[in-house]
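Chains G and R, in that order, give the protein sequences. Throughout the first sequence, residue numbering follows this note's numbering, covering 50 to 158 in sequence. Throughout the second sequence, residue numbering follows this note's numbering, covering 808 to 923 in sequence.
Derived by calculation from the structure, the hints in this document are not laboratory data. Don't take every hint at face value.
[Said to hold, decoys possible] Capping the alpha-carbon separation at 30 Å, the derived lysine-lysine pairs in DSSO-like fashion look like this: (1) R/Lys847 x G/Lys106; (2) G/Lys145 x R/Lys911; (3) G/Lys145 x R/Lys848; (4) G/Lys125 x R/Lys848; (5) G/Lys117 x R/Lys911; (6) G/Lys125 x R/Lys911; (7) R/Lys859 x R/Lys911; (8) G/Lys106 x R/Lys911; (9) R/Lys847 x G/Lys130; (10) G/Lys117 x R/Lys825; (11) G/Lys130 x G/Lys106; (12) G/Lys130 x R/Lys859; (13) R/Lys847 x G/Lys145; (14) R/Lys825 x R/Lys848.
Quantities reported herein were computed from a predicted structural model and do not represent experimental measurements.
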Amino acid sequence: GQNIDQPTEMTATEGAIVQINCTYQTSGFNGLFWYQQHAGEAPTFLSYNVLDGLEEKGRFSSFLSRSKGYSYLLLKELQMKDSASYLCAVKANDYKLSFGAGTTVTVRA
Amino acid sequence: ETGVTQTPRHLVMGMTNKKSLKCEQHLGHNAMYWYKQSAKKPLELMFVYNFKEQTENNSVPSRFSPECPNSSHLFLHLHTLQPEDSALYLCASSQDGPGTGNEKLFFGSGTQLSVL
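If we strip away everything but chain G, and leave its shape as in the complex, we get:
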């Protein structure tokens, strides 16, 4: 099966930077997604990486290293509304998305 690992919880202060790591061991690789899920709400798409490197989108950036089976999501200038669960998902050779268990980020004032 596919294996996606990410930390369970992280806490940071408003205005700070937090980096959420995701490592994966999958049967092939065809892309990696990050989703944000607020409590009681739908997961929403944040980013998609298929090539190595950094993709920047406003305060959020996502990095991928395919040779290391590694990605991170970087959240800058943290705001209270960024408190949520962040899901890493990898598309393997079967083209099905395999999700990690999610990282709950708590932003404190």
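With chain G's structure known, arrange chain R on it following the hints.
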């Protein structure tokens, strides 16, 4: 009106009940999915429908029965469930199905199911 709508938001049922979850997408997508989300566990893919045809059944017990009458609607019929089936059931859609390169998922808010 959000892109993917699920009803009901919450459902409590006994093990002998029969109930159905409903999902509707207003995005013009061709693929729809059911996922199960248990606390502290990864999302588990249950079923995939592409152009109304089921293309994936991820070894889901027969007490879960999906139905896709058209590309905009997806149902999950539930009967004789077990307490361990209690979870958040998420519906999602994508423009096209797996393997097409156009699989960015749009999720509904889910149905929180409790089986007593």
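Results for each hint:
The straight-line distance between the Cα atoms of lysine 847 of chain R and lysine 106 of chain G is roughly 28 Å, inside the 30 Å bound, and the hint therefore holds. The suggested pairing of lysine 145 of chain G with lysine 911 of chain R holds, with an alpha-carbon distance near 11 Å, which does not exceed 30 Å. At most 30 Å may separate the alpha-carbon atoms for a hinted pair to count; lysine 145 of chain G and lysine 848 of chain R meet this at roughly 17 Å. Taking the CA atoms of lysine 125 of chain G and lysine 848 of chain R, the gap is about 27 Å. The hint holds against a cut of 30 Å.
Between the alpha carbons of lysine 117 of chain G and lysine 911 of chain R the distance comes to roughly 24 Å, so the proposed pair stays at or under 30 Å and holds. Taking the CA atoms of lysine 125 of chain G and lysine 911 of chain R, the gap is near 24 Å; set against the 30 Å cutoff, the hint holds. Proposed proximity of lysine 859 of chain R and lysine 911 of chain R is supported: the alpha carbons are some 18 Å apart, at most 30 Å. With a C-alpha separation of about 17 Å, the suggested pair lysine 106 of chain G and lysine 911 of chain R falls inside the 30 Å cut-off, and the hint holds.
Only pairs whose Cα atoms come within 30 Å are accepted, and lysine 847 of chain R paired with lysine 130 of chain G is accepted, the gap being roughly 21 Å. For the proposed pair lysine 117 of chain G and lysine 825 of chain R, the alpha carbon gap of about 47 Å is over 30 Å, so the pair is violated. Between the alpha carbons of lysine 130 of chain G and lysine 106 of chain G the distance comes to roughly 17 Å, so the proposed pair stays at or under 30 Å and holds. At most 30 Å may separate the alpha-carbon atoms for a hinted pair to count; lysine 130 of chain G and lysine 859 of chain R exceed this at roughly 37 Å.
Annotation: proposed proximity of lysine 847 of chain R to lysine 145 of chain G holds, straight-line Cα distance about 21 Å (limit 30 Å). Taking the CA atoms of lysine 825 of chain R and lysine 848 of chain R, the gap is about 26 Å. The hint holds against a cut of 30 Å.
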